[in-house]
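Asks: Take the sequences, apply the hints, and build the full model.
Below, each chain spelled out in residue letters.
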Amino acid sequence: MIVSHNELTAVVNKAFLGMRRTCGEADIIANMVAGLQMVGLNGIGHFNNAAQFLTAEKDCPVDIFMTNEGGLVVDLHGCSLACHLPVVIDYAIEKMVGKKHLTIELKNCHNRWLAYNELVKLAAKGLACKAQWNNGSSPQNTLYILNQGCVSPELFLSDHLDLTGRTLHDMTIQLSVKNFDIAGYSAGYERHINSSALNSAQRDTWYDGILVDDAEWEKLKKTATALLVENSEASVKGAGELV
Amino acid sequence: MDARPSTCGGTYMRDPITVMAPERLGAMHQNRISFVRTLIRKMAQQKWQVTKHDWQLSPQGFGHVIYKLTTLNHVYHLVIFCDEIADEDRNDRVIAEKWDVTFALVYGDVDVELLGRLRANVPLQEAGRNPNKVLVLARANKSVRVFEHLVSHLAKGQQPNAKELAEVGYILRTTAVYGNGKFGIADFNWLETTEDFNQSFSAQMCAVYILREFSLDWVHYIANQQGGDKAVSLDIDLQRYLGIGNATGLGMAPYLINHPCVVDKWLSSRESALTAVLNTAVTINKLEPLQHLLQKGLCHLDQIITINAHQDGLNTTAIGELHDLLGKLESLLLQSATWHELVDYSGQYSLETQEILLSCLMEIYPELVDSYETKMNCDENLNLPSGKRIEDLIAVLENRYRWAIDTDFKQPENNYWFWYRSQDKEEPRLGVRGEEPGEDRELPLDIGRQAYRLYHALLICKPNMQLAEFLVLHPQYRAISRRVWTLGNKEMGEIQMNVLHKTALPMHLLRCKLAVFGATKFDPRSERWVRVTFFQGAPLLNEIHDGEWLFPLLPSHSLNQAVAEGEAS
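Here the protein sequences come in this chain order: A and B. This note's numbering puts the last residue of the first sequence at 225; the count rises by one with no breaks. This note's numbering puts the last residue of the second sequence at 570; the count rises by one with no breaks.
None of these hints come from the bench; they were simulated from the model. We put the beta carbon where it would ideally sit given N, CA and C, even for glycine. Among the hints, a few may not be true.
What the hints assert, rightly or not - Label-pair restraints from in silico Cβ distances:
no. : chain 1 : residue 1 : chain 2 : residue 2 : range
1   : A       : -16       : B       : 325       : 56 to 66 angstroms
2   : B       : 54        : A       : 106       : 43 to 53 angstroms
3   : B       : 388       : A       : 173       : 38 to 48 angstroms
4   : B       : 503       : A       : 50        : 51 to 61 angstroms
5   : A       : 76        : B       : 403       : 27 to 37 angstroms
6   : B       : 75        : A       : 171       : 38 to 48 angstroms
7   : B       : 48        : A       : 171       : 55 to 65 angstroms
What the hints assert, rightly or not - Each computed EDC-like pair below joins lysine to aspartate or glutamate, with the alpha-carbon atoms no more than 20 angstroms apart:
no. : chain 1 : residue 1 : chain 2 : residue 2
8   : B       : 426       : A       : 212
9   : A       : 81        : B       : 470
10  : B       : 426       : A       : 215
11  : B       : 297       : B       : 238
Replies: Dropping the structure here:
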């Protein structure tokens, strides 16, 4: 079915608020989901997947360490990236002052696809970004490169998992004041989703509405009902009945 | 009047503490850049055409009607469904499931297939799904009293009793006018890129304006069906006097809290327009138009019939004060260098009177005011810039959030209410904390309390600590930090209201938004529910012009004539 952007962000917002989490911003997470869904990358599915675990996850701040090389290592304690990435990115940008490059190693995190929209925002800050992660549940290696001035990233996917030095629950984000060599880094990846396809998908959805999977949409809406309070005599009158 | 130097030149602009006080927002009136006014000017200037495209009503007035709207750029259709419903189903609440009239403003043409889809979904409102060619989805109920009075009189060849009309002021009353992507319809982000409806809520206002025409056509049609050759048309002045009613409940209040950048833009644009007027030298040639408008405002208040004793008292006070102001106006003008001084003088009157004066002053300077009509849209993002420290955010809080940080949220009266959404169509509600269920699912509309908690968390940190570092340690404050930073650095920022306080009145928020829309005739039905009228006194479709219609009045000659005829009948 087709839904609107406003409808989608409103439902995700409610769904996240209904989880009563301390960490994470409902409006930003809603935009993460909508941003991913609008380019055809199943934002709702990724959020639904996250929602299964969010209420059981720890709800505490991340731990950040500085490496000897000046990079950042962030332990998310097995939490969703959606709840913590904006804070981490803010912190990383502060640490970029006077530097040309910064590597962020995110450890023990989930829902890495939901980083898509937050990383897109870096282009507006004049930074290039490269992100990489391996997924275990549907084995896949993903490379995300967003160079300066771009609206959407170049995405590369490979079914071949190179786990050397990496686990299935980590993500590496590199920030740079210089563009990344897309051809060089993408060698060996089997599939490429180019930025122009993502751009046009996003543009079309503003006009045509956002295509969603009916079952995923119903699942999301059901999650959003957790916020609702059962009707009572007081609630029936509570909105201000006519006198 | 409180004032502070503005950032540009030696002019004075009112302080946000003054402008954003809830009681003052709750006294606002329509002005030249209210959305209904902007729309009518645009329709007139661009000569938009509205025609009756398809009229498929039974003799009893049930079926569908389509109006075609042609602009310079495109064609739209307003598709209206009229259904027979039982009196007990006619309910102003969002939880209603049936309405006399449901309608949709559609982009482009309406073919048989689309009409069928609309027929199947529009009457269902929230329970339906609509194609994204639909820009506006809405419904309305009859004022049965006015409807039947009009039909019965016109059918017999008589004019109605104008008093019956004056008490209500409309034939149809909307209970929700949805836009911006609700229930599958088009997002405003798309509309914003178009020429015709790129201003906030302009598509909704246009749909309601055409509905007003329909309400008159509908009454005439049924009167003709019943009266045949005997039937007459409603006196043209009385046609102009009838607008579209609107019943608004609590649902509108969370909008204002959840869209602070929009509120800032609405109020700062109005304030900028007003500032331009207030800094202008007083000239005596404005005396007459100002007197005329103040007199209209006075009569308008006098003609408002409200069941709400508090509002009635406010209106009565303002009527007395407006008499007083009118008596002194000429000498006040002679003593004032700029309009700012007159407004300063009016500070001794009630807020209702002060706000009427402000709307009147804006009215007499279209050349200074009207350009602000295109400055009501905004980017809603709440952002924290890089490089900020704890002390920077503390400074914003101490400068612009005094209303929040000076509130003692340890006191029960400051936490009395909690906001939640009920299962009934997800309506927002207010519950009493500790007494009613739902506190565990409280909505985060407690901006004052959040700002207060942020402030106290910041105070125990080193002032030169990076804000980004603070937020790594305390991520729960990032959302309110973004808001405080963004709004604290905007002209008008937050509505300065602790919505949890025992005496907080959501009505102030409702009236503010309705005044920005351009509503008139505020008639609170309770502390959380208000009836207003849109397009009352506006030009009719076949005479649309960009002349103005602040403070609609019952036409006096029609009143006399119609009352006489009513009494004779």
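Asks: Check the following: the C-beta atoms of residue 75(B) and residue 171(A) are separated by a distance inside 38 to 48 angstroms.
Replies: Because 44 angstroms falls inside the window, the suggested range holds.
Asks: For the hint 43 to 53 angstroms, verify it against the beta carbon of residue 54(B) and that of residue 106(A).
Replies: holds (45 angstroms)
Asks: Holds or violated: are the alpha carbons of residue 297(B) and residue 238(B) at most 20 angstroms from each other?
Replies: holds (16 angstroms)
Asks: Check the following: the C-beta atoms of residue -16(A) and residue 325(B) are separated by a distance inside 56 to 66 angstroms.
Replies: holds (59 angstroms)
Asks: Do the beta carbons of residue 48(B) and residue 171(A) sit within 55 to 65 angstroms of each other?
Replies: Hint holds: Cβ distance 57 angstroms, inside 55 to 65 angstroms.
Asks: Range first: 38 to 48 angstroms. Now tell me if the beta carbons of residue 388(B) and residue 173(A) are that far apart.
Replies: holds (39 angstroms)
Asks: At the C-beta level, are residue 76(A) and residue 403(B) separated by a distance inside 27 to 37 angstroms?
Replies: Since residue 76(A) and residue 403(B) have Cβ atoms about 29 angstroms apart, the given range 27 to 37 angstroms holds.
Asks: Under the criterion that the straight-line Cα-Cα distance not exceed 20 angstroms, is the pair residue 426(B), residue 215(A) satisfied?
Replies: holds (15 angstroms)
Asks: When you check the alpha-carbon spacing of residue 81(A) and residue 470(B), does it fall within 20 angstroms?
Replies: Holds - the C-alpha atoms of residue 470(B) and residue 81(A) are around 18 angstroms apart, at most 20 angstroms.
Asks: For the pair we were handed, residue 426(B) and residue 212(A), check the Cα-Cα distance against 20 angstroms.
Replies: holds (11 angstroms)
Asks: Tell me if the beta carbons of residue 503(B) and residue 50(A) are separated by a distance inside 51 to 61 angstroms.
Replies: This hint holds: roughly 57 angstroms between Cβ atoms.
Of the numbered hints stated above, none is contradicted by the structure.
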